[in-house]
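Construct the entire structure; sequences and hints are all you get.
Chains as they are written, first to last, in our numbering: chain A, 228 to 546; chain B, 228 to 546.
It is possible that some hints are incorrect.
Note: identical chains are not told apart, hence a pair may lie in one copy or across any two.
[Claimed, not checked] Taking lysine-lysine pairs in the DSS-like style, the calculated list, with each CA pair at most 30 Å apart, reads:
#1 Lys459 x Lys509
#2 Lys491 x Lys306
#3 Lys432 x Lys376
#4 Lys457 x Lys284
#5 Lys385 x Lys284
#6 Lys459 x Lys491
#7 Lys284 x Lys306
#8 Lys375 x Lys432
#9 Lys457 x Lys385
#10 Lys491 x Lys432
#11 Lys306 x Lys385
Rather than coming from a laboratory, the hints here were simulated on the basis of the structure.
Protein chains: 2
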Amino acid sequence: MIARDTVVSIGLSAAIVAVEGEQPAVLVVAHAGSHDALPFGPFDPAHHRTLESGLRKWVGEQTRFDLGYTEQLYTFGDKGRHLPSSGLDVRMADGGARMVSVGYLALTRQGQEAPGTQWRGWYHYFPWEDWRDCRPAMIDAVIVPALKKFVKDAPDAKAVELRRARVNVCFGEGWDEERVLERYELLYEAGLVEEFWRDSGRPVKNRLGTAMQFDHRRILATAIARLRGKLKYRPVVFELMAPAFTLLELQRTVEALAGLRLHKQNFRRLVAEQGLVEGTGKFTAATRGRPAELFRFRREVLRERQAPGVRLGRRGKPA
Amino acid sequence: MIARDTVVSIGLSAAIVAVEGEQPAVLVVAHAGSHDALPFGPFDPAHHRTLESGLRKWVGEQTRFDLGYTEQLYTFGDKGRHLPSSGLDVRMADGGARMVSVGYLALTRQGQEAPGTQWRGWYHYFPWEDWRDCRPAMIDAVIVPALKKFVKDAPDAKAVELRRARVNVCFGEGWDEERVLERYELLYEAGLVEEFWRDSGRPVKNRLGTAMQFDHRRILATAIARLRGKLKYRPVVFELMAPAFTLLELQRTVEALAGLRLHKQNFRRLVAEQGLVEGTGKFTAATRGRPAELFRFRREVLRERQAPGVRLGRRGKPA
DNA sequence: CATATTTATACTCGAAATGAGTATTAAATG
DNA sequence: CATTTAATACTCATTTCGAGTATAAATATG
Numbered sequence: 228m229i230a231r232d233t234v235v236s237i238g239l240s241a242a243i244v245a246v247e248g249e250q251p252a253v254l255v256v257a258h259a260g261s262h263d264a265l266p267f268g269p270f271d272p273a274h275h276r277t278l279e280s281g282l283r284k285w286v287g288e289q290t291r292f293d294l295g296y297t298e299q300l301y302t303f304g305d306k307g308r309h310l311p312s313s314g315l316d317v318r319m320a321d322g323g324a325r326m327v328s329v330g331y332l333a334l335t336r337q338g339q340e341a342p343g344t345q346w347r348g349w350y351h352y353f354p355w356e357d358w359r360d361c362r363p364a365m366i367d368a369v370i371v372p373a374l375k376k377f378v379k380d381a382p383d384a385k386a387v388e389l390r391r392a393r394v395n396v397c398f399g400e401g402w403d404e405e406r407v408l409e410r411y412e413l414l415y416e417a418g419l420v421e422e423f424w425r426d427s428g429r430p431v432k433n434r435l436g437t438a439m440q441f442d443h444r445r446i447l448a449t450a451i452a453r454l455r456g457k458l459k460y461r462p463v464v465f466e467l468m469a470p471a472f473t474l475l476e477l478q479r480t481v482e483a484l485a486g487l488r489l490h491k492q493n494f495r496r497l498v499a500e501q502g503l504v505e506g507t508g509k510f511t512a513a514t515r516g517r518p519a520e521l522f523r524f525r526r527e528v529l530r531e532r533q534a535p536g537v538r539l540g541r542r543g544k545p546a
Numbered sequence: 228m229i230a231r232d233t234v235v236s237i238g239l240s241a242a243i244v245a246v247e248g249e250q251p252a253v254l255v256v257a258h259a260g261s262h263d264a265l266p267f268g269p270f271d272p273a274h275h276r277t278l279e280s281g282l283r284k285w286v287g288e289q290t291r292f293d294l295g296y297t298e299q300l301y302t303f304g305d306k307g308r309h310l311p312s313s314g315l316d317v318r319m320a321d322g323g324a325r326m327v328s329v330g331y332l333a334l335t336r337q338g339q340e341a342p343g344t345q346w347r348g349w350y351h352y353f354p355w356e357d358w359r360d361c362r363p364a365m366i367d368a369v370i371v372p373a374l375k376k377f378v379k380d381a382p383d384a385k386a387v388e389l390r391r392a393r394v395n396v397c398f399g400e401g402w403d404e405e406r407v408l409e410r411y412e413l414l415y416e417a418g419l420v421e422e423f424w425r426d427s428g429r430p431v432k433n434r435l436g437t438a439m440q441f442d443h444r445r446i447l448a449t450a451i452a453r454l455r456g457k458l459k460y461r462p463v464v465f466e467l468m469a470p471a472f473t474l475l476e477l478q479r480t481v482e483a484l485a486g487l488r489l490h491k492q493n494f495r496r497l498v499a500e501q502g503l504v505e506g507t508g509k510f511t512a513a514t515r516g517r518p519a520e521l522f523r524f525r526r527e528v529l530r531e532r533q534a535p536g537v538r539l540g541r542r543g544k545p546a
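Dropping the structure here:
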C-alpha cells in the first residue's frame, strides 16, 4: 500500500540559458518584491509520459520559449534547505506532499520573452565566477577573509582541516572554472549567501551576489558547472549561436560561459582542426577593422564519429 | 491544491559497483524465476531529509552494505517504458501513484553480501562493452547486421539517415567507451534487447545480454557510462581498491571498468606524474615474477588543488 | 644450477598537441 | 596617409602521448 507519506510532488525547474552581447543570461521570473526564480512548474504525471515532455509543455506555456537542447541536471530533495517547502510556495501551502525538484538546463537563443519573465546576466548571481577581465576583486577583499574565519570557527581540529582543504580547492591557487557548485555550496555553508540565512530562519547577515528563490541559485550553479564542463567535449556552444557567426563571436561566447579569456589564434586553430565549422564565403558588414568571415556549425560532425573535443587515448593492445 | 494526479512515488535504485578479480560487478537482488534487479526501495519523505540519506538507509537494511562514495545518476520518469509501472511491482500493485525512479551509483569493495543479493559481473548485462581481449565477436556477428536492418526499416528517408548516424556513432569505426547508455538505448529501440519486448507487451524476439527488471539495465548503463567518464578526471578508482595495491592491480581495475587494455608503462608514468599514489616500501609476497611494490592512494591530492586528470588549458590573457 | 618465464620498472624517441608568440593583411577612422 | 582595429597565417619551444626497448628481480622447470 502506498502510505500518504511515501508520496511527493515533483517540481521541474529550468535554467534556460542564452548569450547576448558577451553576457550569458538566464531566463528568470521576476516578481516585484520577491527574489528572482527560475521558470518552475509541477510535473503532472497524468498528462505527461516523461519528465522532459512535462518540462517542455509548461515552459512553452509560461515563457513562450521553444526549448531546443535540454539536459537533466540533478534532482534535489533536501528538506529544510534551499527547497520550496522551506519557503512560501502556493503549491505547497495546503500542507501537501513534500516536494522534490528536478533541475534542467536548456540552451536557446535570446528572443522575445513572455510577460513576467526576463533575461538576467548569470554573473549577477555569481559575480565571483567571471574572471574575464581579472580575478574578481571581491574574492580577495571579501570572500577569502570571510572563509578564513569560517575555517577558524570549525568545531574541532579535524573540521578545520577539512574546511581549509575545501577553501583551498575552491578559492586557492589556480582556478577550476567548473567548480561552480562546489564554490556556491561552500559560500552557503559559510553563511556568505542570503539563502543560508533565509533557509535557517535567521536575519540576513551577508549577501554575496543576487539571491534567488528556493534552491534556484543552486540549480543555476549546477547548470553553469555542467555547461562549462560540457563545452569542452561536446559542441554545445552552437546551440547558443546564430546560424552564421564570426570566429570572434564564437570565442566571445565561449569566454562568456567559461568566465575566462582564451588565446585567439589557438582557439581558431582548435576549432578549425576539429572540423566544427565551415566558412560560408560571406563576410560581416564592416564594423571596424578587417571584416571577418562568417562561419556556420558543421552539424555533420555529430555523425562523423566521436564527439569533438574528446581526448584521453592511452589505449594499448590486448595483453 | 494538490490533485491526486500531481503526486508520484519516488523509487531509489542503486548500482553498487565493486571490482573483484578483474571483473566489475554489480550487486543485484536475484529472485528465482524473475530477472535480476538493482537494490531498489521507496523514498520516504517523512523520515528522510535528503534522497541520499533515504538511499543509504534502506541499502544498509537491504544489503548490509555501507555505501562509501555515492553519486546521483539520473531521474527517470518514463511511463510505459522500462519503469516499474509497466511491470509488476508490489509497491505499485494497488494502482497507486505513478513512480519516478532516481538512480544512484555507489562504489565499494566487495564484502559479504546479504541473503538474496549477489554480485554479478556487469558484462553479463552488456557483453558488447568488454573490449579487453578484442572487439567482441557478437558486434559483427549479430549487432551490426540487426542494426542495418533497423536502419532500412525506418519509416522515411530522413529517419533512415538519422538511424544510420546513430548506428555509426555507436558501433561504427572507433569506439567511445563512454557511450554505454547511447548504445543500450539504440539496441532497445531496435528491439535487440528483451526489455523492449517486455515493455511493449509482445513476445520476446531477441535478447542480447542478460535482461534486468524494470528499467534497471538502463540505470546500470548510465552508471557504467558515468563511471567510465569520471575515471579520467577524478580519482574515483581508489574507492574500489584495497588500501594497498600494486600498480598492475590498479591498472587491471581501470581496464576492467573501461573495458579496454592500457599501455602498461604509460599508465605508470601517468599515475606517478599525477602524484596519485605513493609507494609504501612494502612488496607483494611473491607470486610469480618480480615482486611489485605496494602503493597507496595519496588522499592529499584531493586537497592539493585541481582534480587530477583535468586537462583543457588554452586560457589566454585578458584582451 | 641454468634457463625460460613472469612481472616490474627505467628509459628512449618520434609524433602530436599546446601555449605563447610574431608577422602580415584588410578594412575603417580621422 | 598614418593610425587603429580586427582577421588570419605562420613559427617555435615545450609538453604530452603513444609505442617501444632495455634491464632487473623474482619463480618455475628441466
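Now the hints, each set against the structure:
| no. | hint | result |
| --- | --- | --- |
| 1 | Lys459 x Lys509 | within (28 Å within a copy, 41 Å between copies) |
| 2 | Lys491 x Lys306 | neither (46 Å within a copy, 48 Å between copies) |
| 3 | Lys432 x Lys376 | within (15 Å within a copy, 65 Å between copies) |
| 4 | Lys457 x Lys284 | within (25 Å within a copy, 33 Å between copies) |
| 5 | Lys385 x Lys284 | between (49 Å within a copy, 26 Å between copies) |
| 6 | Lys459 x Lys491 | both (16 Å within a copy, 28 Å between copies) |
| 7 | Lys284 x Lys306 | both (27 Å within a copy, 16 Å between copies) |
| 8 | Lys375 x Lys432 | within (17 Å within a copy, 64 Å between copies) |
| 9 | Lys457 x Lys385 | between (35 Å within a copy, 28 Å between copies) |
| 10 | Lys491 x Lys432 | neither (42 Å within a copy, 55 Å between copies) |
| 11 | Lys306 x Lys385 | within (27 Å within a copy, 47 Å between copies) |
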